[in-house]
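**Q** Okay, here's what each chain looks like letter by letter:
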Amino acid sequence: MSTAAGAHVVVVGGGLVAATLTRELRRLGHTGPITIVSDEAEVPYDRPPLSKQVLAGTVTPEETRLLKPADLEDLDVTLRLEQPAAGLNPVAREVELADGGRLGYDVLVVATGSRARRLPTVPELSGVHHLRSLDDATAIAEALPGVRRLVVIGAGFIGLEVAAVARNRDIEVTVVETAARPLSRVLGEDAGEVVIELHEERGVEVRCSATVVEVRGADGVEGVLLDGGEFLPADLLLVGVGAVPNTEWLEGSGIEIDNGVVCDDRGRTSLPHVYAAGDVARWRNALTGAHARAEQWQSALEQASVVADAVTGGGRVWDTVPYFWSDQYDRKLQFCGAAGPVSERRDTARGPVVLFGDGDEQLVGVLTVGNPRALAQGRRLVAAGTAWPQAQEWLAGL
Amino acid sequence: MKVSVDQSVCREYANCIVEAPDVFDLEEDSGKVVALVVEPDPAQFDEVHAAAAACPVRAITLHE
Numbered sequence: 000m001s002t003a004a005g006a007h008v009v010v011v012g013g014g015l016v017a018a019t020l021t022r023e024l025r026r027l028g029h030t031g032p033i034t035i036v037s038d039e040a041e042v043p044y045d046r047p048p049l050s051k052q053v054l055a056g057t058v059t060p061e062e063t064r065l066l067k068p069a070d071l072e073d074l075d076v077t078l079r080l081e082q083p084a085a086g087l088n089p090v091a092r093e094v095e096l097a098d099g100g101r102l103g104y105d106v107l108v109v110a111t112g113s114r115a116r117r118l119p120t121v122p123e124l125s126g127v128h129h130l131r132s133l134d135d136a137t138a139i140a141e142a143l144p145g146v147r148r149l150v151v152i153g154a155g156f157i158g159l160e161v162a163a164v165a166r167n168r169d170i171e172v173t174v175v176e177t178a179a180r181p182l183s184r185v186l187g188e189d190a191g192e193v194v195i196e197l198h199e200e201r202g203v204e205v206r207c208s209a210t211v212v213e214v215r216g217a218d219g220v221e222g223v224l225l226d227g228g229e230f231l232p233a234d235l236l237l238v239g240v241g242a243v244p245n246t247e248w249l250e251g252s253g254i255e256i257d258n259g260v261v262c263d264d265r266g267r268t269s270l271p272h273v274y275a276a277g278d279v280a281r282w283r284n285a286l287t288g289a290h291a292r293a294e295q296w297q298s299a300l301e302q303a304s305v306v307a308d309a310v311t312g313g314g315r316v317w318d319t320v321p322y323f324w325s326d327q328y329d330r331k332l333q334f335c336g337a338a339g340p341v342s343e344r345r346d347t348a349r350g351p352v353v354l355f356g357d358g359d360e361q362l363v364g365v366l367t368v369g370n371p372r373a374l375a376q377g378r379r380l381v382a383a384g385t386a387w388p389q390a391q392e393w394l395a396g397l
Numbered sequence: 000m001k002v003s004v005d006q007s008v009c010r011e012y013a014n015c016i017v018e019a020p021d022v023f024d025l026e027e028d029s030g031k032v033v034a035l036v037v038e039p040d041p042a043q044f045d046e047v048h049a050a051a052a053a054c055p056v057r058a059i060t061l062h063e
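Top to bottom, those sequences are chains A and B. The opening position of the first sequence corresponds to residue 0 in numbering that gives the first Met the number 0, with each subsequent residue numbered one higher. The opening position of the second sequence corresponds to residue 0 in numbering that gives the first Met the number 0, with each subsequent residue numbered one higher.
Hints in this document: simulated from the structure, not taken from any laboratory. Keep in mind the model is a prediction, meaning the values are calculated, not measured. Any given hint might turn out to be false.
In silico DSS-like cross-links for lysine-lysine, where the CA-CA straight-line distance does not exceed 27 Å [said to hold, decoys possible]:
id, chain 1, residue 1, chain 2, residue 2
1, A, Lys67, B, Lys31
2, B, Lys31, A, Lys51
3, B, Lys1, A, Lys51
4, B, Lys1, B, Lys31
5, A, Lys67, A, Lys51
Pair by pair, the computed Cβ-Cβ distance ranges are [what the hints assert, rightly or not]:
id, chain 1, residue 1, chain 2, residue 2, range
6, B, Thr60, A, Gln389, 43 to 49 Å
7, A, Ala40, B, Val36, 41 to 47 Å
8, A, Ala179, B, Glu38, 51 to 57 Å
9, A, Thr210, B, Glu38, 54 to 60 Å
Idealized CB from N, CA, C, for every residue including glycine.
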């Protein structure tokens, strides 16, 4: 499905995928118009700093912008901000906009991302926050100076990163997690211990196997009641319980959706001339065979790059080892691959390293804390399908 | 193509050395990025582009 260099490429969703795709298309020689349609008022911005440096005040909202004014001109891209997409007509090859307008495309890239999952038990009180957009981050940053007690629901990345920023400001922090370990969905049960240690050493209380059954407050949030009957007072409540792909606008278009827009390993959807990438998409990974929504910065970046390649007539597939990082306190928590059933931990001078094996004598994942170089080596070892005994030897030498 | 790196911006993610291990490294002591090759071979251009794009803080600049 290669496309003429002059084709009109429309990206719906103004985040990392849109910015990366635009840069890559121009680098690969695409000369046709590129239009980014976004429901937000902001130019595409980078999300990882929102739960870290933007909250800590070390990165300004302007610094998170992925396309500066000069880039917009150099890349000759049209931005249509505050324009939510309402529908897709694949026969007419048109995106229907919420204001009734229609936008024709030759190639469409669906990149509408995801939104913070809401909990039915959490009412919309003042002091209750979710964190997904720049506006969310700004609101939390403004509230933090007046906060004495923070409760975080959900020991995922967003929740743990906000916990770290708040703890650095001497705020009392309790993290409540329903599962037995933090990040168990990505790291499995055992490796979550590394995360608990990281936070408990700094005075955060991590309550696993606990569920918030009620949020109390009249004008503003006052605290949460746990399933064991305990009441935790809070003047700020952060809910970080995962994300939901923004696919509703595609209903009725005929595109295949199953926990995200279903894509092959080049980002092609079930509709001709329509690709999807990033949090909204469920790609097949040609290396691991996994077919899952990735929800990671690195994956969105790589997928945007593969789509740009496909649009300009290339044949690349997405075949890299999934990877993410998280900044918590002064440490980097980095993970690549998958959490296999077998694991081995070693506490190196720089910090803990955990290897994951598939139980069939192969290395499938690596977790490091404070050791980026080891993670980078580990990522290559996972990609190479390194045998478990060799991986153990590598670990012993770190 | 010429490669330049800004150590004052680098936050030691090491994403670059995954993408282009023959072009970038992290200094042993500081942990900051260094360019092992200033003028990469055309065969390395794709991985150098990938390394620059994979840097979350854009510490790598390519002059083409």
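**Q** With reference to the structure, classify each hint as holding or not holding.
**A** Structure-based check of each hint:
1. Straight-line distance between C-alpha atoms of lysine 67 of chain A and lysine 31 of chain B comes to about 26 Å, which keeps the hinted pair within the 27 Å bound.
2. Between the alpha carbons of lysine 31 of chain B and lysine 51 of chain A the distance comes to roughly 20 Å, so the proposed pair stays at or under 27 Å and holds.
3. A distance of roughly 32 Å separates the Cα atoms of lysine 1 of chain B and lysine 51 of chain A; the hinted pair therefore is violated under the 27 Å criterion.
4. Distance hint between lysine 1 of chain B and lysine 31 of chain B is fulfilled; the C-alpha atoms sit about 19 Å from each other, no more than 27 Å.
5. A threshold of 27 Å between alpha carbons decides the hint, and for lysine 67 of chain A with lysine 51 of chain A the separation of about 21 Å falls inside it, so the pair holds.
6. A hinted range of 43 to 49 Å is violated for the C-beta pair threonine 60 of chain B and glutamine 389 of chain A, which are about 37 Å apart.
7. One distance hint, 41 to 47 Å for the beta-carbon pair alanine 40 of chain A and valine 36 of chain B, holds here, with the actual separation near 42 Å.
8. For alanine 179 of chain A paired with glutamate 38 of chain B, a C-beta distance near 53 Å keeps the hint of 51 to 57 Å intact.
9. Distance hint check: the CB atoms of threonine 210 of chain A and glutamate 38 of chain B are about 58 Å apart, consistent with the given range 54 to 60 Å.
Hint check: violations occur at hints 3, 6; the rest are consistent with the structure.
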